[in-house]
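Residues per chain are reported as follows:
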Amino acid sequence: MSELLDVFIGESRENLESASQELLEIQSSGSSSERVDKIFRDLHTIKGSSDLFDIKPLTRLAHAAEDLLDSVRANEVAFSDDIGELLLEALDQISIWFDELEVGSQDLEQWQPISTNLGAKLRYFIDPDASDGAGIKNEASPTSTVSLDDKFLTDEQIDLLASFSENADIKLLCQVEGPYCYLVRYTPDEGCFFRGEDPINVLLALPGLKAFNIDMPELNHDADIYNCVTSIEALGCADEDAIKQHMAYYEGQYTVTVFSSQALRASCVSKIIDNVAQIADQTLSDALADNNLEQVNASAGLLLASQDIGDAHCDDAKRATLQFLSAASELDFLRGPESSSVAETAESANESIGQSNDAVVGTDDTANVSVLGNADEDAPLESNAKPSDISARPEKILAPHEKAILTQQLTLLNSDNYKSEFMFPSISGLVGNILGETFSDEGTLALAICNALDDETINEQADETLKQQSAEDMSAVATQTTDTPEKAGNNTESNALNSTNESAQPVKAERQAVKMLKVDQAKIDYLMDIVGELTVAKNSLPYLAKQAEEEGGSRKLSKQIKAHFSIVNRLTESLQSAVLQIRMVPVSHVFQRYPRLVRDLARKLDKKIELFLQGEDTEFDKNLIESLSEPLIHLLRNSIDHGIESPAERLAAGKSEMGRIDLIATPLDDSVIIEIRDDGKGIDPTKIKLLAFQKGVISEAQLESLDDNEALQLVFAAGFSTSEQVSDLSGRGVGMDAVKTMVSQAGGTIEMHSEVGVGTTFKLLLPQTMSVNRVMMFEVSDQMFGVGMDAVVETVKVPTSDIQRIRNEHVLVIREKLIPLCNLRDALGFDEAEEKEEHSILVVSAPQGEFGLIIDKFHEGIDVIQKPLEGVLAGYAQFSGTALLGDGRVLLIINVQEVLAKCL
Amino acid sequence: MKTVMIVDDATTVRMFHKKLVSTPDRIIEEAENGVEALEKAIGTQVDLFLVDVNMPKMDGYRLCKEIRRNEALRAVPVIMISTESANQDAERAYQCGANYYMTKPVDADMLKSVVSAVIGGGANE
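In the order they appear, the protein sequences are chains A and B. Using the numbering used here, the first residue of the first sequence is number 4, and each one after it goes up by one. Using the numbering used here, the first residue of the second sequence is number 1207, and each one after it goes up by one.
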């Protein structure tokens, strides 16, 4: 998979997420134009970018969704729940496709029907009549106001086309196809690069594009190259609707003018002839000066001929063209082999126009052309071909008045008052005169008139012939027709290419204005690792100082090292917090997924639930928050599935129909408390106890002794599920114990409070960052251990005699407070220590209260980068992680809660 | 040789039209009204009628109808030339059997072209 695609998917996923979030917002708190706008922009970005990768089904689906939103935006369609549902479905589908794209298993063929289907559904909302919920294509009647009958372009239209260089004329003439041509002037928004738009690409994708011009203003050296200040003109063949559809997302940034192809063609021809006339004029005056009679004659003929064409204008344009051509070839003949520019021009014009007219006239040599050129005297043309046989019938070139007469005859034939016996003779005679044919009945007569009037046939035939000519021929002709052959030909193309490169440059260049930097998370993690190692390396300096003093006996050196250490220490700390800051993200990063989840689950269960988020700004280490995403989902599912009652039950219990779940994040010192609070039925401790007993989680004795709160915590015990019925949502084997394990692994704690009929609250206490910890080091059985400094309450040394025994447990009384003791040697599986007179006791706080850990020896506090246990070690819950010490030893950091659980 | 019959009660108009459509290969006949036109046309070869609308005795519409009813004249094209440009007059002309309707003042080139188109010839030297 290409890197670009990676970026695209990453970016688009964000867009998807934000769009679905907005959609949910709309569903819960009503539609607002800003929200619709936001969703529209998100989808627009996805659509625009996907276009770059040629993922047609995806693009089309996004396009459909975008169109629908556009209609909503324009208040043409009212936002309804159905629309929201459908849009969510579309977003989901796109997300699924992204998954496939990421693993490279996409099958565009299969996507196709899905895209079509969903797209049609979306479009159905835009215009229910147009699509019947099936076909995607909206078959609106063409809105084009351009008349196909336009003979020539208006002056304004010619002005519009002025920017297209003269040598493009013949090329255009030969390439024009279909009834309509367009000129699009596209002035992209200045900030378009920042929205990921590529104006050139937009333009290149225009339907039927033939030529384009890019207008690049001179840039001052202080100009902002990230702003798009270009405007582009494109000329091509397609109708206005197609263009509007293509440019729909650049509304206001473009103008489109549509001409009839015929008019464009005619204008091209007349432009060429004008050129020739100019040359002829020049040659004429030259020849007069030279007293070259032959040349005077020829040039004059050429000039007159070209003027004739000008005068004839649309009337007899084609016929006059032929006259002109014959004159031109005569000139060529007179001038002999050493032909100069006029002859060349005439020759090339002859070729180009002659070829285009061949199709119309049905002749292919100049001799015939000249005969036809004088068609006025010889007309009408005689032909034996059947009128219905269009292809075989030489096409009669009709003057406008002839057309008018024929049109009138056709009208007469079709009129209500038409009486064959009275009218047919005169009409058939008249038409016969004009078309040079005879008719026996109304049918053939009408057909003949239709055929003669049908310009489309003429154009199409001409087009066919033109298309057959190769592009090379065309550019060669174009080259010859202009005064400066070396500049012609590919001129337009190369211009276009150059400009393309120039204007594309700023897109590639680094974007200064962007304030957010997206970095691969692996890079940050790597940086974090290095910082960790640096911290460790730094920690070795005090050892070194100690060594210098003890072994080297140099206090001075020791002092210097210590001084140096303080500097390195300070820098490392700054570095550390800086790196940690990079990894801090607001919890909303994870929270924002939940509204959707809650909504979906609630719908599935026919419950009405609202999720309220609080403290989304609270920052969290990204790794940590992501590792918490799963447990949180599990807890939410539990609340939805088991906590919140069905609407009926709720009403019966005197609660509002709508259940409520609060997800609250609160920062507390270096920790964050996350609470999930529901107002559901709560958990009955007695029921829990009984169930736990049934499942063998607790003994009969415990059944008696456990208080309500302790009973509640039993849900976290392995293999416990409170729902009598395993639903498809929760209870899939991952119980609350899994949640607890995950939370503990992240260095956090979890507890639950519940009140029957009022609700349940899960409270997670989590360290804000996973990585840097201040730990207190201590020794047990010659092995170094650490405990998080935030858990340490105090350190005491007490004589053995002070330790008392209550029932089976050791306790210590400190300041009249009873503190249960835990012998770490036992808990960690070391041998019993020999009797000592004095014990070192580390008093730690745990959710259950304060406890004393009996250890061997205290050491200092130290900053460590804690790494989670991996592999087989990950199963040892009593350790929360490891850290490297400055001298290379490994420090195991104990998880106080787990150790206590083992101990007590 | 083709014959064009110009039917108009105004002599100047007839002369003007005659001048316009005259060519060496055309015979021009003239008539002051419909009755006269019919009398002259029957028994002769006429290839085109140029008919004014407002005429005494028999107006253009009526003449047109008569031409269409007459077996000998039925096939002859009729061009009507009127001062009224209203659509309904054109409509009526066509209903009466005219092949083409033009309004006065007639564009000289246009008339020449139309006549040439209908009966051929008439290259303007």
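The hints are simulated quantities; they were obtained by calculation from the structure and are not laboratory data. Quantities reported herein were computed from a predicted structural model and do not represent experimental measurements. One or more hints might be untrue.
Calculated cross-link-like contacts (lysine-lysine; reagent style DSS-like; alpha-carbon spacing at most 27 Å) [as the list claims (entries may be wrong)]:
| hint | chain 1 | residue 1 | chain 2 | residue 2 |
| --- | --- | --- | --- | --- |
| 1 | A | Lys820 | B | Lys1225 |
| 2 | B | Lys1224 | A | Lys422 |
| 3 | A | Lys422 | B | Lys1225 |
| 4 | A | Lys406 | B | Lys1263 |
| 5 | A | Lys406 | B | Lys1225 |
| 6 | B | Lys1310 | B | Lys1208 |
| 7 | A | Lys870 | A | Lys541 |
| 8 | A | Lys406 | B | Lys1246 |
| 9 | A | Lys274 | A | Lys41 |
| 10 | B | Lys1224 | A | Lys406 |
| 11 | B | Lys1263 | B | Lys1225 |
| 12 | B | Lys1225 | B | Lys1246 |
| 13 | A | Lys860 | A | Lys800 |
| 14 | B | Lys1318 | B | Lys1224 |
| 15 | A | Lys406 | B | Lys1318 |
Evaluation of the provided hints:
| no. | hint | result |
| --- | --- | --- |
| 1 | A:Lys820 with B:Lys1225 | violated (136 Å) |
| 2 | B:Lys1224 with A:Lys422 | violated (31 Å) |
| 3 | A:Lys422 with B:Lys1225 | violated (34 Å) |
| 4 | A:Lys406 with B:Lys1263 | violated (34 Å) |
| 5 | A:Lys406 with B:Lys1225 | holds (25 Å) |
| 6 | B:Lys1310 with B:Lys1208 | holds (24 Å) |
| 7 | A:Lys870 with A:Lys541 | holds (18 Å) |
| 8 | A:Lys406 with B:Lys1246 | violated (31 Å) |
| 9 | A:Lys274 with A:Lys41 | violated (49 Å) |
| 10 | B:Lys1224 with A:Lys406 | holds (24 Å) |
| 11 | B:Lys1263 with B:Lys1225 | holds (26 Å) |
| 12 | B:Lys1225 with B:Lys1246 | holds (20 Å) |
| 13 | A:Lys860 with A:Lys800 | holds (10 Å) |
| 14 | B:Lys1318 with B:Lys1224 | holds (10 Å) |
| 15 | A:Lys406 with B:Lys1318 | holds (15 Å) |
Comparing the model with each earlier hint shows violations of hints 1, 2, 3, 4, 8, 9; every other hint is respected.
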